[in-house]
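Asks: Chain order of the listed sequences is A and B.
Going letter by letter, the first sequence gives residues 2 to 217 in this note's numbering.
Going letter by letter, the second sequence gives residues 2 to 217 in this note's numbering.
It is worth saying that the hints were derived from the structure and are not from the lab.
For every residue, glycine included, the Cβ atom is placed at its ideal position computed from N, Cα and C.
Nothing false has been slipped in among the hints.
Far from chain A, some chain B residues (derived; all Cβ distances over 12 Å): (1) Ser-30; (2) Trp-33; (3) Glu-34; (4) Phe-57; (5) His-64; (6) Ser-131; (7) Ala-154.
Ranges between beta-carbon positions, derived for each pair: (8) Ser-30/A <-> Trp-8/B: 33 to 43 Å; (9) Gln-24/A <-> Arg-90/B: 40 to 50 Å; (10) Arg-156/A <-> Glu-63/B: 46 to 56 Å; (11) Pro-27/A <-> Glu-23/B: 25 to 35 Å; (12) Lys-5/A <-> Asp-109/B: 25 to 35 Å; (13) His-64/A <-> His-64/B: 44 to 54 Å; (14) Ala-153/A <-> Tyr-213/B: 33 to 43 Å; (15) Ser-182/A <-> Leu-21/B: 19 to 29 Å; (16) Glu-34/B <-> His-64/A: 42 to 52 Å; (17) Glu-150/B <-> Tyr-56/A: 42 to 52 Å; (18) Ala-106/B <-> Tyr-213/A: 14 to 24 Å; (19) Asp-105/B <-> Arg-17/A: 23 to 33 Å.
2 protein chains.
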Amino acid sequence: MDHKITWVKPEEIEARSMELIEQEMPSGSWSWEERQVVRRCIHTSADFDYAKNLYFSQEAVEHALQVLKKGGFTIVTDTNMAASGINKRALAALHGQVRCFMADADVDREAKERGITRAAVSMEHAAALSGPLMIASGNAPTALIRLNELMAADRIHPEIVIAVPVGFVNVIESKEAIIRSGVPCIVARGRKGGSNIAAAICNALMYLVTGYTSVG
Amino acid sequence: MDHKITWVKPEEIEARSMELIEQEMPSGSWSWEERQVVRRCIHTSADFDYAKNLYFSQEAVEHALQVLKKGGFTIVTDTNMAASGINKRALAALHGQVRCFMADADVDREAKERGITRAAVSMEHAAALSGPLMIASGNAPTALIRLNELMAADRIHPEIVIAVPVGFVNVIESKEAIIRSGVPCIVARGRKGGSNIAAAICNALMYLVTGYTSVG
Chain A
2 MDHKITWVKP EEIEARSMEL IEQEMPSGSW SWEERQVVRR CIHTSADFDY AKNLYFSQEA
62 VEHALQVLKK GGFTIVTDTN MAASGINKRA LAALHGQVRC FMADADVDRE AKERGITRAA
122 VSMEHAAALS GPLMIASGNA PTALIRLNEL MAADRIHPEI VIAVPVGFVN VIESKEAIIR
182 SGVPCIVARG RKGGSNIAAA ICNALMYLVT GYTSVG
Chain B
2 MDHKITWVKP EEIEARSMEL IEQEMPSGSW SWEERQVVRR CIHTSADFDY AKNLYFSQEA
62 VEHALQVLKK GGFTIVTDTN MAASGINKRA LAALHGQVRC FMADADVDRE AKERGITRAA
122 VSMEHAAALS GPLMIASGNA PTALIRLNEL MAADRIHPEI VIAVPVGFVN VIESKEAIIR
182 SGVPCIVARG RKGGSNIAAA ICNALMYLVT GYTSVG
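Bound conformation, chain A alone (with noise of 0.2 Å):
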């Protein structure tokens, strides 16, 4: 096979790749906005089974997109990673800001005293925040499991829950907490997800509204 390089212009690579991945997917029973959810979460994995797990409980993202557009938001995160990939010109177009508990070292102390995971203390902290709330989870269940139990408590009330750890132990389980739990929410049902993906569905919905991309 002849692996030749296209000279692509760097401002059009993203453009030409949604093309691409518009080309191979499903037309979907999608609302416009989720579709842009859906091809975002492909292209940052290249993997179409996300058009297959993507669960958006109904007027999941035009919520959020209401949100974004108010402003003075916080998307709270559960590994650095997400926060990292979270699109940063985008946020502050937004006046949003992006918070993760996780590497905090009162976090480690409470978690280690408590035997439970960091990520589940994360959402107590997450609690204690004012504000509008996201939370956006592509790594731990014993996040989305602490929150739950938040929720339940009438501790805690997100705007939304962008739902997609990745994993094989309780994974499957959290999310489907999730959903039944009422909540407006995007999950990736089964095994799939990640930081890449929590990052990539935040910086979808803030691109419908900044009118953004990746690369600028």
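Fit chain B to the known structure of chain A by using the hints.
Replies: Same frame as chain A, now just chain B:
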């Protein structure tokens, strides 16, 4: 379907996940060390395609482990997200560092002036570093294309290239060019890869030397 959450101690989640991955992985023809790398890519993506698409040049892993053992190396990534995903505790234990030039103002300026990508300019910055060099590309085929040119011109001599960009435009081609170059390399053939995969491979290699895991 019943989705019941099973309590698993935080420190046991990763080991349990790895057991489940092992059950589904083919026996393969990998060395034990290569198998750990494959396993960690699956762990970070829940995508068993990595049991099929990962290419290891002969003794690439053995060579990488030698470089890590000696310390004083620099891992250069093509996204801040990949840099963020690299385990800093393992890195410090090995007296290594990670660098990413993508967000540097001068890289951005130079890329715009020359009409090339920031990732391509980044590789030139990498070439100016002293000490053993590991390139970990999870995002930008243009980084690999420029890297190949710099290697051909004898301007950069990486100890190993982790070539796992994800995507649709020149991705396959740039990876195959790295394989053909003869540099020690670990490559996710095809479209798949990503910053998470690049970080996972770096971490798998470091864990092999340090005995660490992602949880401690």
